[in-house]
Amino acid sequence: MTKTTPKKRYGMVIDIDRCDGCGACMVACSLENNVSVVPAGAAPHRGLTWIRVYSVTNKKEYPDSDTAYLPVSCQHCGNETPCVGVCPQSAVDVDPKNGIVSQIPERCMGCRYCMVACPYHARYFNWWDPEWPEGTEHLLNPGVTPRMRGVVEKCNFCHGRHHAAQERAASEGRSEIEPNEYQTACAEACPNGAITFGDLADKNSEVAKLAAGPESFQLLKSLGTEPKIYYLTQRGWVRDMATRTPLISKGQSHD
Amino acid sequence: MILTQRRTTILFFIIGLVVAMLAGWIAVPAALYESIEQPLGFSHVVHTSDDAGMECDDCHHLTSEGGFAGIPKIAVCVDCHEEAIGTSVDELKLVEEYIKPGREIPWLVYARQPDNAFFPHVRHTRLAKIPCEQCHGDHGQTETLRPLKRNRFTGYSRDIWGNDFSGITTSPPFSMKMSDCVDCHRKRGVRDSCLACHK
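Protein chains in written order, with our numbering: chain A, 8 to 262; chain B, 1452 to 1650.
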């Protein structure tokens, strides 16, 4: 897919030890990206969210018990991106200039092959027509198109914000945006500052420094997908669980 | 004998070709697109003439955030047309039906793109220095507003698909399809990934 060397590599570092599982990132993300509300009583796995906070425990009795919260969104895999390879519609691509993995709903035919291929369960299917509770329509973001029933959606690093930043930069005559002009909604919303977003290719950025640190790791690293989301923790059991075993079988999700 | 047969064959081939071309280039598009008149007559020539002395960006300007204002609101028209200037039918209609009740004019936009297309005018006009006419043609020099040709099935304007089916026209406006955007982006070496233009 990649034609040229990426100029930018947008990525994220999430500090698990700072995350208390409040779910503010999930709310902020849904509001920013016009994620619709599924009907009441829907099965948990049919819900829509671009970032899901998983809670994992070390399965020990008190006083040794411990719980960790892992916000998991699309990991924006940099190598052999699993969803790209399986899509029969070419509805997914990796932007060669910034590394963001896209999902184009208008091309998606809803086969959900990508959801099967994604090792992180970061993709969600629209089982219903998009709907919002009455009176909340004015909260919709005009910079993001809502998805229709029958297509897959996922995190795209708040690309509507990237567009807006580019437009503002162009109005000042600049073709490139400054690092502080583009932030994701989840990083902004986190009350504990657990999420750091930025350009991993820029060695001086905070996100690159944190990702290169000794406490950082990637989910299911052994698969070789090279996710651009890094996690930080000082707790050994969290690291072991997250890097070796599939999340869904060990963890329980917030629904 | 054989020669006559061959001539007949060629004749029928040519007749068939002409019929197919007329059907494909004229009859089908004519049936596919419905023609809708604009709510009000408007002359760009009169407004940009020396008498009125307006510039293009008096109405079609960029906002401070870089967005494109598009067609101006009625508030811009009120500046000059609070009372009728002259006695033309359209002028009286403007004042009576729109300005006095404070209603916006429901203009039909020839270049309206689907909602999922992100087109920042500012990047194209200011950074790439593409003139408005390259996409919109000589719309700024027209005396009347042509009717909007709207696709009966999709609701999109024919300007998106383009008026030139043969591909031999060399003057703008060209079509505004995704392939047109991609062609130009690749030629200039700018981002051509899905998310570059889709929101």
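It cannot be assumed that every hint is accurate.
Straight-line C-alpha distance at most 25 angstroms; calculated DSS-like pairs for lysine-lysine [said to hold, decoys possible]:
(1) A/K14 / B/K1600
(2) A/K104 / A/K216
(3) B/K1580 / A/K14
(4) B/K1628 / A/K104
(5) A/K15 / A/K210
With the Cβ distance kept under 8 angstroms, some of the chain B side facing chain A (calculated, not the full set) [claimed, not checked]:
(6) E1516
(7) G1518
(8) N1567
(9) F1570
Which stretches of chain B does chain A cover? Using the computed rule of at least three CB atoms under 8 angstroms from a CB of chain A, they are [what the hints assert, rightly or not]:
(10) 1490-1500
(11) 1643-1649
To be clear, the hints were calculated from the coordinates, so they are not data collected in a lab.
Remember, predicted model here, so these are calculated numbers, not experimental data.
A virtual CB, placed ideally from N, CA and C, is assigned to each residue, including glycine.
Consistency of the hints with the structure:
1. For the hint linking A/K14 to B/K1600, the alpha-carbon distance of about 42 angstroms lies beyond 25 angstroms, and the restraint is violated.
2. Straight-line distance between C-alpha atoms of A/K104 and A/K216 comes to about 21 angstroms, which keeps the hinted pair within the 25 angstroms bound.
3. Annotation: proposed proximity of B/K1580 to A/K14 holds, straight-line Cα distance about 23 angstroms (limit 25 angstroms).
4. With a C-alpha separation of about 23 angstroms, the suggested pairing of B/K1628 with A/K104 holds against the 25 angstroms cut-off.
5. Restraint check for A/K15 and A/K210: the C-alpha separation of about 11 angstroms stays at or below 25 angstroms, so the hint holds.
6. Of the supplied interface hints, the one on B/E1516 holds, with its beta-carbon coming within about 6 angstroms of a beta-carbon of chain A, less than 8 angstroms.
7. For B/G1518, the interface hint holds, since its Cβ comes within 8 angstroms of a Cβ in chain A; the closest pair sits about 7 angstroms apart.
8. Given the 8 angstroms rule on beta carbons, the hint for B/N1567 holds: about 4 angstroms separates it from the nearest Cβ of chain A.
9. Hint on B/F1570 is violated. Least Cβ distance to chain A is approximately 10 angstroms, over the 8 angstroms limit.
10. Coverage of the region 1490-1500 of chain B by chain A is violated in this model, with 0 residues showing a Cβ closer than 8 angstroms to a Cβ of that chain against a need of three.
11. For the region 1643-1649 of chain B, the stated coverage by chain A holds: 5 residues have a C-beta nearer than 8 angstroms to a C-beta of that chain, and at least 3 were required.
Violated hints for the displayed structure, listed by number in ascending order: 1, 9 and 10.
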